[in-house]
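**Student:** Construct the complete structure from the given sequences, taking the supplied hints into account.
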Amino acid sequence: MLSYILRRILLIVPTLFAIILVNFVIVQAAPGGPVDQLIAELKGTAGGTLSRVSGGGGELASSATSAKESRGARGLDPEFIKELQKLYGFDKPPAERFWLMIRNYLTFNFGTSFYRDRPVLSLIADKLPVSISLGLWTTLVTYLVSIPLGIRKAVRDGSNFDIWTSAVVIIGYAIPGFLFAVLLIVLFAGGSYLSWFPLRGLTSDNWSDLAWPARILDYFWHITLPVLSLIIGSFASLTMLTKNSFLEEINKQYVVTARAKGLTEHRVLYGHVFRNAMLLVIAGFPAAFIAILFTGALLVEVIFSLDGLGLLGFQAAIGRDYPIMFATLYIYTLLGLLLKLVSDITYMFVDPRIDFGTRGG
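Quick note: my numbering has the sequence shown finishing at residue 363, numbered continuously throughout.
Calculated from the structure, these hints are not laboratory results.
Just so you know, not all the hints are guaranteed correct.
[Unchecked claim] Cross-link-like lysine-lysine pairs, in silico, DSBU-like; alpha carbons within 30 Å at most:
{"no.": "1", "residue 1": "K342", "residue 2": "K129"}
{"no.": "2", "residue 1": "K342", "residue 2": "K254"}
{"no.": "3", "residue 1": "K94", "residue 2": "K84"}
[Unchecked claim] Simulated DEER-style distance windows between Cβ atoms:
{"no.": "4", "residue 1": "L102", "residue 2": "S197", "range": "34 to 42 Å"}
{"no.": "5", "residue 1": "G192", "residue 2": "L249", "range": "41 to 49 Å"}
{"no.": "6", "residue 1": "Y272", "residue 2": "A213", "range": "25 to 33 Å"}
{"no.": "7", "residue 1": "P16", "residue 2": "E98", "range": "16 to 24 Å"}
{"no.": "8", "residue 1": "L130", "residue 2": "L12", "range": "23 to 31 Å"}
{"no.": "9", "residue 1": "R9", "residue 2": "L189", "range": "46 to 54 Å"}
{"no.": "10", "residue 1": "A213", "residue 2": "H268", "range": "38 to 46 Å"}
{"no.": "11", "residue 1": "P80", "residue 2": "Y117", "range": "23 to 31 Å"}
Every residue, glycine too, gets a C-beta built ideally from N, C-alpha and C.
**Tutor:** What follows is the structure, encoded as structure tokens:
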């Protein structure tokens with residue numbers, strides 16, 4: 003077991019390096035880097051000019067010559083272009099910049115944002131509580147509801163309960179989270195009907211002045227609608243996944259044998275079927291958590307004015323704020339790989355028959 007964990011941890015290093023390298027190469031090929039964008043602003047050119055900049059954008063330029071050849075740089079002093087490149091760190095060759103970035107990332111030194119004039123790590127730390135709140139509560143509530151519901155549907159497969167809950171699940175799966183968020187605002191956040199919940203923020207403005215019980219209630223009051231918006235899609239898919247996993251196990255011979263021995267239905271389901279059927283559900287936990295935490299929450303963050311990592315990463319990509327882009331990618335990837343390892347270890351607690359010590363890396 004310990005040797006397997008060590009092998010997996012060692013495997014994280016080359017995997018993380020490869021992912022960062024591939025994305026670094028892709029970004030270098032994309033036009034409209036921060037130098038070109040600043041030049042366009044200085045010259046008053048439109049965003050369309052950036053997409054036609056020859057040479058693949060300012061981030062590929064390592065000298066004043068390449069900058070002079072850029073359409074966006076025409077009419078500007080070459081020495082000024084050099085200063086811009088040096089300001090953003092593009093006065094070095096791409097290979098050298100990549101190596102410096104990786105060396106700094108090993109110590110979690112992500113540099114300073116191009117446009118916010120703040121350390122990237124500080125920005126991420128400010129946004130992280132919002133994203134973690136959304137991700138954790140959405141994942142927790144989804145699993146607490148979907149797993150019992152999926153088991154119940156499997157046990158009563160083909161009944162009226164199974165049919166009408168399947169209809170609800172299908173409708174939920176078909177509704178995008180952001181559209182459901184708008185519906186919740188219209189119904190419960192002062193849109194057209196009720197004003198039961200706040201429309202923006204994770205806490206009230208006077209949150210720090212409240213007593214701790216009031217702070218907790220205020221926090222849940224603000225996060226209820228965003229979490230409900232994110233639950234709608236993941237709830238549907240996880241419920242059906244749980245149901246299908248249990249149906250597959252219920253029809254196997256060992257279940258028939260257990261029932262023939264006189265075991266109760268509860269003992270059959272939770273003593274034998276559960277640990278086998280839940281392996282597939284547990285395997286999807288890291289991907290589900292990462293998706294909710296960093297990608298699925300973007301539009302919900304915008305709609306409810308929640309300043310989280312999803313919104314930060316989106317703004318960085320649009321503005322070509324490379325330090326934030328690569329720092330968030332590094333953190334996302336590292337968390338995803340670690341959570342995948344955690345899910346593998348969790349297999350052992352669900353089904354002790356799994357022995358990681360006999361597996362290869």
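**Student:** Given the hint that K342 pairs with K254, does the C-alpha gap stay at or below 30 Å?
**Tutor:** Holds - the C-alpha atoms of K254 and K342 are around 28 Å apart, at most 30 Å.
**Student:** For P80 and Y117, compare the CB-CB distance with the range 23 to 31 Å and indicate the outcome.
**Tutor:** holds, 24 Å
**Student:** Just tell me: holds or violated, for the beta carbon distance of L102 and S197 against 34 to 42 Å?
**Tutor:** violated, 52 Å
**Student:** How does the Cβ-Cβ distance of Y272 and A213 compare with 25 to 33 Å: does it lie in that range?
**Tutor:** violated, 41 Å
**Student:** When you take the CB atoms of P16 and E98, is the distance between them in 16 to 24 Å?
**Tutor:** This hint holds: roughly 21 Å between Cβ atoms.
**Student:** Note whether the CB distance of A213 and H268 lies within 38 to 46 Å or breaks it.
**Tutor:** With Cβ atoms ~43 Å apart, the hint holds.
**Student:** For the pair R9 and L189, does the Cβ-Cβ distance stay inside 46 to 54 Å?
**Tutor:** holds, 51 Å
**Student:** Decide if the proposed pair is consistent with the structure: K94 and K84, CA atoms, cutoff 30 Å inclusive.
**Tutor:** holds, 11 Å
**Student:** Mind checking the alpha carbons of K342 and K129 for me, to see if they're no more than 30 Å apart?
**Tutor:** holds, 23 Å
**Student:** Evaluate the given range 41 to 49 Å for the C-beta pair formed by G192 and L249.
**Tutor:** holds, 44 Å
**Student:** Is 23 to 31 Å right for how far apart the beta carbons of L130 and L12 are?
**Tutor:** Since the Cβ atoms of L130 and L12 sit about 27 Å apart, the hinted range of 23 to 31 Å holds.
Checked against the numbered hints above, the structure breaks hints 4 and 6 and satisfies the rest.
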